[in-house]
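Note that the protein sequences, when read in sequence, are chains A and B. Following my numbering, the numbering of the first sequence begins with 127 at its first residue and continues without gaps. Following my numbering, the numbering of the second sequence begins with 432 at its first residue and continues without gaps.
Since the hints were made in silico from the structure, they are not lab data. Just to be clear, a hint being listed does not mean it is correct.
What the hints assert, rightly or not - Distance condition first, Cα-Cα at most 20 Å in a straight line; then the derived SDA-like pairs of lysine to any residue: (1) A:LYS246 / A:VAL160; (2) B:LYS817 / A:GLY290; (3) A:LYS300 / A:ARG339; (4) A:LYS319 / B:SER927; (5) A:LYS270 / B:SER927; (6) B:LYS825 / A:VAL160; (7) B:LYS825 / A:PHE164.
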Amino acid sequence: MTQNLKPQDREDPEKKLDLTKLKPYGDSMNDGKVQVSFTLPVKISLKAIEAAKYLAVKMGLRDPLVAHSQDLDNGFSFFIIYGELKHNIDYTNINVSAIDLEIMSLKEINNFIKKKFKRKLIVIGASTGTDAHTVGIDAIMNIKGYAGHYGLEGYEMIKAYNLGAQVSNEEFVKKAIEENADILLVSQTVTEKNIHVQNLTHLVDLLEAENIREGIILICGGARISNNLAKELGFDAGFGSGTSPEMVATFFVKEMDRRLNS
Amino acid sequence: MIEKKKGDINQRSKLDLDQKKIESARKLANKIALKTQNVIEQYTTTSIERSVCRLLGIDGVDNYNVPLPNLVVDQVQRANKLEKGVALFIGNAMLSEQDSPQRIAGSISRGEIDITSLNFNDIDSIKRILINKSKERLNLIEKKSSQRQELLKKYGEKSGPYIYVIVATGNIYEDITQAKAAARQGADIIAVIRSTAQSLLDYVPYGATTEGFGGTFATQENFRLMRNALDEVSEELGRYIRLTNYCSGLCMPEIATMGALERLDVMLNDALYGILFRDINMKRTLIDQYFSRMINAYAGVIINTGEDNYLTTADAYENAHTVLASQFINEQFAFLTGLKEEQMGLGHAYEMDPSIENGFLYELAQAQMSREIFPKAPLKYMPPTKFKTGNIFKAHIQDALFNMITIITDQKIHLLGMLTEAIHTPFLSDRALSIENAKYIFRNLKNLGDEISFKKNGIIQKRAKEVLDKAYKLLEEVYSLGLFDTIERGIFAGISRNINGGKGIEGVIKKDVSYYNPFIDLMQKKLFRGDK
Ligand code: B12
């Protein structure tokens, strides 16, 4: 509501958006307003509320307001806190390794494969380890696909094998060798206690032991998977929530082209 | 406060459902179950035989942590004699060695005895000694069951929905802290979720455990620890807190046995879940299901079935009828094992895409329909899960709508939705907020269901009719195909499984004419006494 601001406020540099000093926004620029909630393993009391407040200060909140506190059990209390974050961030200096490709359509992808590789690409996918979640990998691979986008099985120039869930890494690698796979797709949904990290790393180790890691484009995905994490673990890319089959396919055809022609 | 008269809303059909159609659907489901049952009864499995060991009192592990029941059954299987059932060999050894099943199993584990190569005693004396031992052991289970009855009498049974929450820290001691807190916040049922890896283990881990992924291992010791903790908190609150765990997987009857011995109150028990969501061989798990449900029935345990899960892989609007058809079939399978309607927590779920217009009305129609078709069953109603996202604020509202349907349509086992469903297994505070949400809605809308009726031929009535009609057609199809073929064709949950594929098929054994399992007769005698 700029018209209600006093003229001097409008000039105030503190009230202007400065991308080198980005802060949260509550209802006015740079007010830094945030909300946090957490549980403390102590009985609710004035002292507990004070402790919650001190924690908020340590998190970098100015003037924290314990808007709500309640007891959860004899030894646990819950807090909802509002406050002004004193920190800011230089937005102009942030790099993410997002997969920044112009996404091609199914038809374009098929044509690209025909033109560049002159054969069908072999893609094998599975939800590996003890993970029983298939909906994610099915969304990418099965004809039915995801939100109206056909999955890879529906691509003329892709031979797709979806091995389903709870496939051991050993089995997965065996199949990759048997079918001479170009691309491997791994889905991981359960991330509790970092079980996915163990499992994904194990797969990379196996592929390296078999000496086939280099020749394969290795991709993982799942709600809690990021491209950064995937790369850290030795994958070529990682895809998170909302991924469509076209996104993945665009990535791997481009990557394959890059590898062959450079 | 006006007490809701139990069963009142079920007196007449609010949905104007075709009662004849319901009756014929039941008949069809019965025929489907019987047809499958014929196959089931010709087989035993390694897990059934291991539960016979457990029922006879064999427990514990060897130096390599292999459970003794596995060692005993392995010995008989290696001699290619499992087709007779493990009981005969144990009974024979009891006579020859003048020793207990547990001590004989100990000798097997130390390689001191091969129970398949002992001289055979007279069969009648073997059966006699087995029957005596079995009766003594079944008495233990009955004692647990009457203990539950006594506690329920002492504290009184709760009217209205049971608030069901999960704990899943991986560490049984941490689970206990969380479970007690949840009970104090208002939960009526605590389910300890199992570790991701467990359902595919072909043995049951042993002892108290402190490490698991997305859940805690189901072991008899963990059951005992949690039951004790819940008994303490029940006493403190003057309210009986029920305990739930999961049979489904490769060890259905063994876990049912452990649950019976440690007074679990509710157990997930559904072969179809194992087939579709864990790729367990269909024969193996349907055979296992039969014996494990019988044990549940005997122990007074409420079973929960897993139809709700279909809707996580198939569309909830399009496939609502597969849930109903499966409930009909599950009901008949349950009857065959001696379970009573009051023990059948048939599953269904609130899982439609939130962007569907009038979605709440369709969900209401379906929940009311389940209620009317299975009036005595303590229906298990699952919250929204699939369409939950990291937007916890929206998720809390999705749960609120779900809570409303439960109270309006009188669902019984109400699995509480969590605002953080898409993120992690619940924190202490997630559970507290969700319980608060449910209690608020249950209190505020308590008698709404008694006050409303549905418009004749309105959206709600029409939806229920449509689902019933489609379920009936599906049952006809299942009947003509048979259950095994139906599953092969991917009709449930859109997932297809091969009759000879999947895990655990090597544990399926055709029974010999001499096959003997003392518990089947003894339990059946009691379960079917007096009734139909
Ligand atoms: C459906 C579901 C189930 C179903 C799964 C059915 C099936 N056949 O898949 C059932 C009921 C069987 C189930 C079981 C369990 N589940 Co579950 N489940 C869910 C639920 C509700 C939805 C997941 C889903 O299908 N999302 C929809 C799909 C389309 O999304 P997606 O997987 O993210 O996929 C997209 C992207 O991530 C990406 N993607 C995914 N994979 C890949 C792969 C590649 C290569 C690429 C490129 C992209 C990609 O593309 C997809 C499309 O955009 C979530 C909660 C939630 N709302 O998220 C819990 C959830 C995932 N489950 C959970 C748990 C713990 C379990 C269990 C372990 C519980 C237990 N102890 O028994 C068991 C699993 C046992 C096991 N061995 O794994 C937890 C995981 C917690 C965590 N962070 O670890 C969640 C978050 C629920 C919770 N809060 O506890 N579950």
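Hints versus structure:
no.: 1; hint: A:LYS246 / A:VAL160; verdict: violated (51 Å)
no.: 2; hint: B:LYS817 / A:GLY290; verdict: holds (19 Å)
no.: 3; hint: A:LYS300 / A:ARG339; verdict: holds (13 Å)
no.: 4; hint: A:LYS319 / B:SER927; verdict: violated (31 Å)
no.: 5; hint: A:LYS270 / B:SER927; verdict: holds (15 Å)
no.: 6; hint: B:LYS825 / A:VAL160; verdict: holds (18 Å)
no.: 7; hint: B:LYS825 / A:PHE164; verdict: holds (19 Å)
In this structure, the earlier hints numbered 1 and 4 are contradicted, and the remaining ones agree with it.
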